[in-house]
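**Q** Residues per chain, in single letters:
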Amino acid sequence: MKRKLYHILLAAVLCCGILIGCGVKETEKKEDITLIVKVPSLIMNSVSNPDILDAATFLQQAGDAFAAQYEEANVTIQIESFDYVDEIKAITERFDTEDAADILYEGYFNMASYIHTGRVVPLDNIISDDLWNDIDDASWAMSMVNGKTYMMPFCSMQNILIYNKQHFESCGLEKFVSDETKIQNWSMEEWTEILNTLAEKLPDRTYPIMMYGKNNQGDTHIMTFMRAYGGAIFDKDGNFDFESKETIQALEWIQEGVSKGWYPPHPENLEISDCNELFSNGQLSIHLFNNASLNLYDNSEDFGYVNFPGNLATSFVTGFEVIDNGDEAKIKAAKDFIQFIYKNEEWIDISAGNIPACRSVAEKYSDQITMLDEFISNAAHVVDFMNNSPNWQGDDTSVRSVFWPSIHELLSETITPQECAKALNEACNAALQTGRENSKLHE
Amino acid sequence: MAKRQKRFNALLIAAALVIIGFVTVFFVDQLNKVISKNIISSISEIAEHDKAAIQAYIEICWDDLYEIQERFISYGCETIQDIEIRMNLECATSDFTHIYILAEDGTVYTDKFVTYSPGNDILNRSLDFLPYFEDGRERVILRFDDKTTGWMTKESILYGVCLDNYEVDGVKMIALIGISDISSIQDNMVIDSFIKDGNSRGNSSLIDKEGNYIINVNKEIHLNKQNNLYNHLSESLTSELTNEEVAQKLENLETFSFYHTHAEDHTKELLYFIPLVEDMDLYFIMSVTNEVFLEQTKTFTTMSMIMLAVSMVTIVSMLLIMMHNQYKTIQATEREKSQKEFLSNMSHEIRTPLNGLIGMNHLMMLHIDDKDQKAQMEDWLKKSHSTANYLLSLVNDILDLSKLQAGKVSLINEPLLLPALIDEVSAMQADNIKNRGVNYIVETDISEPCIEGDATRIKQILMNIVGNAAKFTPEGNYIKLSVTQTKTDDMHVTTTFQCEDTGIGISPEYIDKIFDSFSQDRNRNTNGIKGTGLGMAISKLLANAMGGDITVESELDVGSTFTVTLPSLIIKEIPKYLQETTQDDAAPESPLPRDKADGRPLKILVAEDVELNAEILLEILEIEGFETAHAKNGKEALELFQNSEIGEFDIILMDMQMPVMDGCTASSEIRKLPRADAESVLIFACTANTFQEDREMALSHGMNDFLSKPIDINILLKKLRSIT
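Taken in sequence, the protein lines are chains D and P. Under the working numbering, the first residue of the first sequence is numbered 260, with each subsequent residue one higher. Under the working numbering, the first residue of the second sequence is numbered 1351, with each subsequent residue one higher.
One thing to keep in mind: the hints can contain errors.
To be verified - Think about it this way: if two alpha-carbon atoms lie no more than 20 Å apart in a straight line, the pair counts; the simulated DMTMM-like pairs of lysine to aspartate or glutamate are:
hint, chain 1, residue 1, chain 2, residue 2
1, D, Lys519, P, Asp1531
2, P, Lys1758, P, Glu2046
3, D, Lys348, P, Asp1432
4, P, Lys1504, D, Glu339
5, D, Lys348, P, Glu1505
6, D, Lys460, P, Asp1531
Just so you know, these hints were derived from the structure itself, not from any lab. These numbers come from a predicted model, not from an experiment.
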């Protein structure tokens, strides 16, 4: 009897020990992890959740949901927004500090450069076959370097131009106004005619088209203008070629607009946000447009859409990068967070509004995403403005940093288009060279 | 005296330490106050400098706006677009990020050519500037967090100047406004002082009259963290001023400072307020954490404390040295006084019996031929003898006392039989006590009869206390000597000797100094009782030297009890010689052998340089029937012995200190002589030096025994009896 009692007690003690031991092990495993997710000021136009109006809100909500269900660690998702003009301060200068980003969510044209710093972690191990097949090859191609996927495409925006129909009509340009919601294409002659007419006939302090050269913001759109006469911008080796006849012709056309009054006065002192306000206030006839801008204009019937001069459009792919800050636990949690977004309809569906990276989301919301069909049809006009160039975004030596000063001078009319092209060639190719020399990829 | 002096010194040092403590606390407090005052003064200077820089910067910004307006005219800006273009160009070349002109109806024309109509917001941005200029102020500065892209906010400062009668295109313009990024003014407010690890611990701020932070440098100033001074102060753990008091001072444009403690991290901070020029309605605040104060004061305080400590140690050391010297002086004075007192006592104690001896000798000389005075002569002779004996005991006591006080007494610890020792003491004192009509009782409870100790010295102590009791116990009373033992362990025992009497007792005044030398209870009726006043002092010193003690309890007219406790080693096996001694002591005293076997008297060689001593000794010995010879020094004694027949001399009484050859050398030489009797002849050392080392020295030179001077003839005879 005593022996039996002893065995029962022993078994109970062992069970308690095992349970306590498991409990302790479980508690010990749950490490506190704070993931810093950095995101620029990105408007979102989600149709799946209209309450989410910007990327920071989307990521915070998704982060909270992830943290609530994540069992491997006590994760806190900390979202930090930054202004595009403060990108270097917010990202590059914060590397190797406590404030370094663990996850970056923004446009590829900004993020791509970080891949070459060796800090961006390949994400191939979190891409399932289903996900791979759900996203088009072009997006994957843009996300990869040397066969490894460093960026995770979430959505994209197609950049075209929008025009104020009322301005056109009041200036006698009705023939260029389309009654349909479609993306128009005008020849360069037509562009010249339109801009000249608007410059002449628009009321005082109302201007035909945006132009700016104050800082590096919107530079990619200016590059698109520089392709207006068919200049390829890049040569076959991936170097910039701004001195081609076509590109110089485009630069001449751009500079000509200054004296012809196509732009607000002194566009070299304006930035893209100023032009946003001018257009929004009815003081600008033609301006930039993309999916994210849809919410800005209440009455879409008052506006028409047209490709950039030269019948071109660009596409901004937006997605995720995971940064290696030397903490494996953080890298794992960051990857798990991204996987969580792509695996949960609630969060991957937020990409609907812009052009979703996943076909499945696009199909699901095709009838709710404004102009989705038009943008898809316009894909043939989209040019790859980046050409997977290294050192695009970053410090003072990057392409974006060295590009705009020459445009500023072009618009100030202090240099000729040829001088501008030459200066751009030298500066931007030097930036590319620096990028190539310093390129280091994370294994 | 010494104890009192030590107590006084201890009190003096304690008082000095307390004073030093107070001085130190006061000094540190004053030091901190002075340093704090200096730092506040330094902060005031920095703050004044920064305030001047900020004020100048603000003035420049306002002046820039006035100049821009002047250039509108000088550049012939006739239309609003001209104004906008001018503003655009001015903006490109100034610190302003935006320049606006405000029309009377609230319309805002911008350097970026955007026109903001009243109530109309563009991309969620509205420019409603009219309220800023409605209170009639000529110049305006305020925090303006500009929403430039619809949702991002830029922390900016708005500078505005009112325009007088300025119309363009028929539109009356009332103000020119410049927007500047907050960093431009913050750069003027960065505190270069109090740097640690590259960061300044000083923080500067600019607040408006309502306490709103316009600029808060070094603090995290994300908009959601932006705060109001009064909110900050309300959240303080402690604050020297209330919000109302601060508000009042701000209203009065006072320059002031106060401390407050942050609730979050308990950081103590000094806030220093200076108003900018009156029409700005702004206050410049500099805050510096207490850590800076502590750091600034640390080195100085440490150095000062070290200096203070060194000074204090020096003072205390000097004080101690002075006190030590004073103590030594007092000791020396006391010693001198004591020596004088001792000499005075000695003089008195020795002169008194000498005076008696001389007087009686004189009387005897006067009546030497007077046969009728025979009885008187006998009395004088007895008294002389008694007085000489007293003088001898006095000298012995003084020598003992001196040795004991100097710590030069060597105890001879040998096995002793306690019952025999007590019997001996009792035997020596019994007649004396009984003759006084006092009952003498001995009670013993001895478990360990054989112990190790200096029998002579123990007897000396007991003789003293029993003898004293006998002196002061009147007839019909009793004296009881009790001896008990307590074993402390297997090897040791403490023997307690208690001598209780029912005598006259000791006065309370005297009982405290009964163990002091030359002390006698003069207040009592003891004058007729003779004593040296050294016995108790010697007993006390001897008991202490043996590791024991002696105490006394007494009540006047009731009696006294002296208790002697002596620890000692237990001797388990009684040595044979002690047993024999006991048996011998019990046997009847044998007659003094004066003759050899052949009937010839024993021949004694007396080596003595002092003629008188020699004469006395020779005379006594001859009277006692011995044959004698005299040598005046050691050499003569050696020669006499050398030239004598073998066995001629039976005993040599050798004085230790003699001219030509001392006794020790002579003894050694005699022992070396190649004679049959050189080793067997008995040599007794005779010396006035009665200490153990003298005894040992004599024995080491081949002498057989030791006789102290003046020679007690009975002892000499006893010794002679023992050797034959």
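**Q** Each hint should be assessed against the structure and marked as holding or not.
**A** Evaluation of the provided hints:
Restraint check: the Cα-Cα separation between lysine 519(D) and aspartate 1531(P) comes to about 33 Å, which exceeds 20 Å; the hinted pair is violated. Note on lysine 1758(P) and glutamate 2046(P): the hinted pairing holds, with a Cα-Cα distance of about 14 Å set against a maximum of 20 Å. Only pairs whose Cα atoms come within 20 Å are accepted, and lysine 348(D) paired with aspartate 1432(P) is rejected, the gap being roughly 36 Å. A distance of roughly 15 Å separates the Cα atoms of lysine 1504(P) and glutamate 339(D); the hinted pair therefore holds under the 20 Å criterion.
Proximity of lysine 348(D) to glutamate 1505(P) is assessed by CA-CA distance (about 16 Å); at most 20 Å being required, the pair is judged to hold. For a cut-off of 20 Å, the pair hint linking lysine 460(D) to aspartate 1531(P) is broken: about 37 Å separates their Cα positions.
In terms of the numbered hints stated before, the structure departs from hints 1, 3 and 6, listed from lowest to highest.
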